[in-house]
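Asker: If you're matching them up, the sequences are chains A and B in order.
Quick note on my numbering: the first sequence kicks off at 1046 and runs consecutively.
Quick note on my numbering: the second sequence kicks off at 5 and runs consecutively.
No lab work stands behind these hints: they were computed from the structure.
Please note that a few of the clues may not be correct.
Unchecked claim - Label-pair distances were calculated between CB atoms; the ranges are:
{"#": "1", "chain 1": "B", "residue 1": "Lys176", "chain 2": "A", "residue 2": "Val1231", "range": "22 to 28 Å"}
{"#": "2", "chain 1": "A", "residue 1": "Gly1088", "chain 2": "B", "residue 2": "Arg104", "range": "31 to 37 Å"}
{"#": "3", "chain 1": "A", "residue 1": "Ile1297", "chain 2": "B", "residue 2": "Arg11", "range": "23 to 29 Å"}
{"#": "4", "chain 1": "A", "residue 1": "Arg1232", "chain 2": "B", "residue 2": "Val28", "range": "52 to 58 Å"}
This one's a predicted model, so the numbers in the text were calculated from it and none came from an experiment.
Glycine included, C-beta positions come from ideal geometry on N, C-alpha and C.
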Amino acid sequence: MTAQETAISVRALSVGFSGRTILDDVSMDVPRNSITMIIGPSGSGKTTLLRSVNRLNEEFAGCSTAGSVKMSFSGTAVDIYRDLTPNELRRRVGMVFQSPNVFPFSIQKNLLAPLRLVHSIGRKERHQRMERVLREVELWEEVCDRLGDNAVTLSGGQQQRLCLARALALSPEVLLLDEPTASLDVRSAGKIEELLTKLKERYTILAVSHSIRQVKLIADRVVILSGGAIARTLEHRDFQNPGLLEELVEEIF
Amino acid sequence: MTVRPERLFVAFSWLAAGLVAVSVGVLVAYLLMRGWPVLSSALLFGDTPWLAAVLGSEPVFDGIYPAVAGTFILIACSSVIAIPFGICCGIYLAEYAQGRLKAIFSFMVDLLSGMPSIVMGLFGFALILLMRRTLFGHANTSLMLSSACIALLILPYLIRMTQVALESLPDKARLLGLSLGYTRWQNILHVKLPAASTAIFSGIVLSIGRAAEDTAVIMLTGVVANAGIPRALSDKFEALPFTIFYLTAEHRNDTELQTAFGCALVLLFITGTLFFVSYFIRKNLQRSWGQGE
Ligand SMILES: Nc1ncnc2c1ncn2[C@@H]1O[C@H](COP(=O)(O)OP(=O)(O)OP(=O)(O)O)[C@@H](O)[C@H]1O
Ligand SMILES: [Mg+2]
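All chains should be built: construct the whole structure from the sequences, respecting the hints.
Answerer: Now the structure itself:
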């Protein structure tokens, strides 16, 4: 295995809400153009860890963050808490929430409005991008004749794919995915997993997962979180040993 | 026999709802009974032809049309002042104000909303007295002053409704735009305000209703009987609630009292229509936010 460039490096990160420590001294590296997955029991701080990478935790009153998160954009490393505004950062880091989160607007407005507001992209290209990303997440066939319908009328799985499409349309460099296949059936989940392995050629992906099967299938690196601290970090070759990951999870959860 | 508390509670709730329905029913029925017979174009326009009255080419002496027009003008003027201020102030309190400043502003708004309307009227009246004694010798109570005082009266509704609507949005909705890279302002304008628009609109409707019915404020600040239709902001004016008040207070025969009931019915009809229209506007508002690009 070749030594990969690090896209995100988290050092001694601690996050607390109103004095309660949620993440405690977390350090980890996310290699570029690969899939890093976070697993851990409910409430172990997975979502909080993801949100610290696009500084969304700050939007809650009483949040305090210590430590550093560095990200390298086209070769140069920047401290995202010091050198960038949250807005500049979030334009480069796409996020899909744990539960489907669409605007209560039409399907097409969900995709077109962010393109207009964030990147000021012209009308024609907006529509081209919309079709491209909807095809990419295999939603196009299902919605092409009802783009004007409200997005909340879509099923949970369709909404989740729409959210992924929306994140992709904005062409970020890093994708944060919070259980992207949680509300999908096995078949659609399989499609998304396939898509993610394709996407890692273009993006650095940091995802939360709840499925050992999925981790084994597509992750290049896995981080096991427990009680706000990192219990183990495993590379692809480690967790391919049959039973190892299951054993660890059994032990830690 | 033991009565389960749930049964008792359900029975009481049912009774409470029923009582409200009966009260409203009786109220409206009585208003209709007394007011309906006098409802005619003569009630509105007296002997003046209605077209001439509406165009303003002939004055109306015996009808309540000037009061109807006055009420509409008063609502329009006070809304123009209060709505932009109220909504912007609400946005400021919900989105930008912090710490001690927010506490101070919130206290001021609470204070304002607790202010009885007669006090607001007194304030307007005192203001005119002060102006007369100082720089503006000709200052007088007028439509302008009434509108300003009414605006002050309805301001807290608008502020609070906007603020609460924005602050009670779920975290999901609050964070989504930001996660996509919207600026704070874009997130307010394109995500939060649309999501809060229904509630904000309800605040507007409520405050317009309040502006339509208030009597205490205008009595001290510019309303008079038989003023006719105001031609300028500095004119005196008539308004329906005040007309109802003085017709009732000074009626010499049953016909005049009857007219007051007619007035009340017209006022009820106007506010009812306002609520109805606002319902449709709100529907369309939601649809138009949702569509397009
Ligand atoms: N905004 C917040 N304010 C206060 N506490 C919070 C906030 N967000 C998260 N927490 C707390 O942080 C802890 C970790 O939450 P987090 O959402 O990161 O868990 P998670 O690992 O994603 O769990 P799940 O698998 O259930 O999604 C929880 O105890 C939660 O109560
Ligand atoms: Mg979570």
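Asker: Using the Cβ atoms, figure out if Gly1088 of chain A sits within 31 to 37 Å of Arg104 of chain B.
Answerer: Since Gly1088 of chain A and Arg104 of chain B have Cβ atoms about 35 Å apart, the given range 31 to 37 Å holds.
Asker: In this structure, is the beta-carbon distance linking Arg1232 of chain A and Val28 of chain B contained in 52 to 58 Å?
Answerer: Given range 52 to 58 Å: holds, Cβ gap about 55 Å.
Asker: Does 22 to 28 Å hold as the CB distance between Lys176 of chain B and Val1231 of chain A, or does it fail?
Answerer: This hint holds: roughly 26 Å between Cβ atoms.
Asker: Is the distance from the Cβ of Ile1297 of chain A to the Cβ of Arg11 of chain B consistent with 23 to 29 Å?
Answerer: violated, 51 Å
Hint 3 from the earlier list is the only one contradicted by this structure; the remaining hints agree with it.
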